[in-house]
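K.L.:
Put the two chains together into one complex; each comes in its own frame, and the hints tell you how they fit.
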Amino acid sequence: MDVALSKNGARLLRAFFCLVVIFLYAPIVILLIFSFNDSAVPTFPLSGFTFHWYRDFLENGDLRAALETSAIIAALSSVGAVVLGVLASLALTRRRFRGKAAVSALLLSPLVIPYLVFGISLLLLFHRLGVPRSVLTVVIGHIVISLPYTILVLAPRLDQIDASLEEAAFDLGASRLRTFRSITLPLILPAVVSAFLIAFTTSFDEYAVASFVVGPRVTFPIYLYSALRFPSQLPQVIAVAVVVLVVSLGVVIAAEVGRRFAERRFAA
Amino acid sequence: MAVADAREPPAPRRRRFRLDLTTPSLLGLPLAWLVVFFLVPIAIVGAYSFNVYSLDPGPHGFTLTAWHDFIHSSIYLKLFWKSVKMSLLVSAIIVVLAYPLAYYLALSGTKRKYVLLLLLIAPFLTSYLLRVLAWKVILGDHGVINSFLFWTGLRDPDHPISQLLYSRFAVMLVLGYIWLPFVALPIFVSLESLDTRLLEAASDLGASRLQAFRKVTLPLSLPGVFAAFLFVFIPTLGEFVTPSLVGGTSGYMYGNQIVDLFGTGFPDWETGSVLAIFLLLVVTALTVVFARFLQPRQVTAD
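Protein sequences, first through last, are from chains A and B.
This note's numbering puts the first residue of the first sequence at 45, with every later residue one more than the last.
This note's numbering puts the first residue of the second sequence at 1016, with every later residue one more than the last.
It cannot be assumed that every hint is accurate.
Unchecked claim - With a straight-line Cα cutoff of 27 Å, these simulated DSS-like cross-link-like pairs (lysine-lysine) come out:
#1 LYS1128(B) / LYS51(A)
#2 LYS1151(B) / LYS1097(B)
#3 LYS51(A) / LYS1126(B)
#4 LYS1128(B) / LYS1230(B)
#5 LYS1230(B) / LYS51(A)
#6 LYS1093(B) / LYS1126(B)
What the hints assert, rightly or not - One side only, chain B facing chain A, incomplete, derived with CB under 10 Å:
#7 LEU1049
#8 ILE1057
#9 ILE1086
#10 GLY1155
Unchecked claim - Covered stretches of chain A, going by a simulated chain B footprint (3 or more residues, C-beta under 8 Å):
#11 56-65
#12 167-178
#13 248-257
Keep in mind the hints are simulated off the structure, nothing from the lab.
For every residue, glycine included, the Cβ atom is placed at its ideal position computed from N, Cα and C.
Looking at chain B on its own, in the form it has when it is part of the complex (with noise of 0.2 Å):
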């Protein structure tokens, strides 16, 4: 009978099947599409970098002028490295934050896991924009917190803690509230693949719990750590949102540069493009980077 075939393994076999669409006809959609409104749209901006295309009609050529400006200039550099600082913090905090919370998840042994992960990350899951409007509601001058200090009489309403909203400290606080969920989600990942017999092999041969935990939970949860800070530290360091919205002039950050030089004002496209190629550059060479660590490794006696 047929039966008996069936539970032959069908790997050699399943190589041979092939369905009428072939594989161009397949990517040819998905990867053409990625190519126009992906590639070259990125390509054209490293022209404009490069003044091969240029906003200001007249005769335009090839140079290094805007590349030469950007890496002398000390404003865009010193805006830079402030918003890799801001970008490092928060990512660093979330993440020390999430450790633990994806560690109760995943080792307590809660019967209710998955319930609890969904409670977790269902804010991210919800709008963006919205969750930065709470905060200005409640970091404002008349806000919750100073209507309420105010209201108990823990301070004059002529003065009210003003440096909470519009300030370095109201971005890193919002980035790390919108992105502290999300965090939790590839380290618990790791954690839970985490093969427990590890735990009690080490327990058995003596090791603490502390030992235990420094020897073999962390090292194997590291590349879920590594993808948690990674997938953070990215969209954080080319935020503009949250600083526009609750950042003033002292939250203002890298990303707002170039929003503001593709601006209505006074349009920079050449220095703009820099600043978006160099951005471009520093979050690919990272990734590629964090790549390495990404794949998990296997415990090797050393």
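If we strip away everything but chain A, and leave its shape as in the complex, we get (with noise of 0.2 Å):
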């Protein structure tokens, strides 16, 4: 017998939980069924069955340069963010230093800025400075919005990684910076490919700090965003959220069903 839950409750709330999921997952659904309907506009009653918009967004040169920015853009940045994060983390889990919770609030902080508010902050860094706005001025604002989520996976895992692994390799006579390579890394290499993978698609899908700072190179949701205000773009854009979906939910649940099996072998 259940204390949380009487057997009606659970059957509540599992109907409930599909409710839900029908509800998150219906409008998905919908793009998918009008991304393969043979109109212009999505609208009831469905016309008939095409690869038209597949073809058209395989032909357009200006959407597929802005998916090869926004993966150029998402693979520096995620870069750049999991080397700070893992940089951060190591002081975070193995370090004893004053001010240690300012610091931490710091390297946190960037979660909790409104990303329009950080995104016109660096346009007047960039504007003050006399930096020309490119793909570069992006990469740097997708790092620091990267990076304390790249601490936030990196660093409980440092914590619970044994420390007297590093130091039986530090007493066996291996240099520090080997002990990180041959010991630590591995151990925690789990944890540095899923925050490579969480800063890419952070990145990937970035629109409020871009739309502030990017050149005349766009990145994809800076096409999206533009694209979306002229319907007769639409069943094409359509056909491209289709993939895009597909291809990140594909991502998200690999990464995670991997880091989940990589980690159970190493907990051993």
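P.N.:
Here is the structure:
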């Protein structure tokens, strides 16, 4: 007999859960349906099956360029954020120093700043410095917003692994850098990979900050936003939407399953 | 043998171990990055708000004019209040909706709770703009809902339900849709760490399930609820993307006003900076206040 829920209570909650899941996925399914619909406007009744929009999207150079720009920015910024995140997490978990609470508050503070305010701040910085907006200015901004996420993934993992392993390697004569490379890094590798994926997807999808600091090479979200204002491109955008949604869902699920699997193996 | 030593708690020795990399060399780069690309930029916005920097050429110096005008303007503060009310309502509704979801996952004893949790939060991890786009397709005058109503003859094609899109309702619906999966997460974490023996004890002592929920489960899960609330309220308060896509004029929010002040039409960076700094101050104050509630409290006999 369960103390938290009666049988009927559990049944009721399960039904509610199912309803919410339907609510969450229905819009995505609707996008999927209309991406194959042979009509320039997404309305009922459905008018026929087509791959037309997917073909259009493959032939749309602007769109492909935007996807490419976003991939480059996401790759650069996630590598940057993971490197900074590993350094910061090592300091937070392996060191004692004065003002640690303040330092960790600062490191995590980009989590709670409205991205709108941060985007404007960066815009004004680059304006004052006379730095032209480019791919690089977006990368700089994305590193800032991804950094706290990488720390939130990496620091708990570093806390979990037994520091006496590092100590043992050190006692056996390994240099401290070698200790990190041969002991610490392999042990936190699953967390490093998931930190990288989180930073990558955060950057790839980021619109608010990018909209203020993007240069002439637009990112995918920026392209998407402007395309949303021209209804004629809607079906094509829907087709891309479906591709991106499916790919990102796949990456997310694969990353999660992979991390669980790896950590279970290492946990022994 | 050394094996015996290894079983000793290594706590005191752990402190002596040092990596080659000293604390400054570990922290230097991340902190420098945040100071240069995070704190300094915010300070520059502050400087614009006091007219220390200005977009206009010509003489300028420290003044409080922009702040004075802001505090005495009914437009900006009214708009801010409207955005606060919209965000509060969205956050409160989805926290209430998410609580039973998290409760079901954490406490119903279902075997697939992590699979179901992933199912729940996966939409959150996909593209934000695309989820807004989906609702544009659904809610428009010739969108899925209206065209379905025309098709089935429930509604005359000349009179679609036009309040669906470009309204305050649309903004709140889409924001709720976007943030609902995320909100369930912190609540789930706090419920999951709940020691169910406390519930057994309550039940043994004669408490009904409702009483046990009110006296034990709910108070212990409040930190998760507060965290969830804060994590939605902050981004929705500064939201400008969703209202600009589905809000029309009645869904116009404080964030849109800030963007417009920095826009290409009639830029007014001083006023825009005041509005941005004000938003930041409110958010920071909320974070600091709420952070006190986020520490899990001990159950005390009172």
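K.L.:
All hints, please: hold or fail.
P.N.:
Against the structure, the hints come out as follows:
no., hint, verdict
1, LYS1128(B) / LYS51(A), "holds (17 Å)"
2, LYS1151(B) / LYS1097(B), "holds (23 Å)"
3, LYS51(A) / LYS1126(B), "holds (16 Å)"
4, LYS1128(B) / LYS1230(B), "holds (25 Å)"
5, LYS1230(B) / LYS51(A), "holds (21 Å)"
6, LYS1093(B) / LYS1126(B), "violated (49 Å)"
7, LEU1049, "holds (6 Å)"
8, ILE1057, "holds (5 Å)"
9, ILE1086, "violated (19 Å)"
10, GLY1155, "holds (8 Å)"
11, 56-65, "holds (count 6)"
12, 167-178, "holds (count 4)"
13, 248-257, "holds (count 4)"
The structure fails hints 6 and 9 (numbered hints given earlier, in ascending order).
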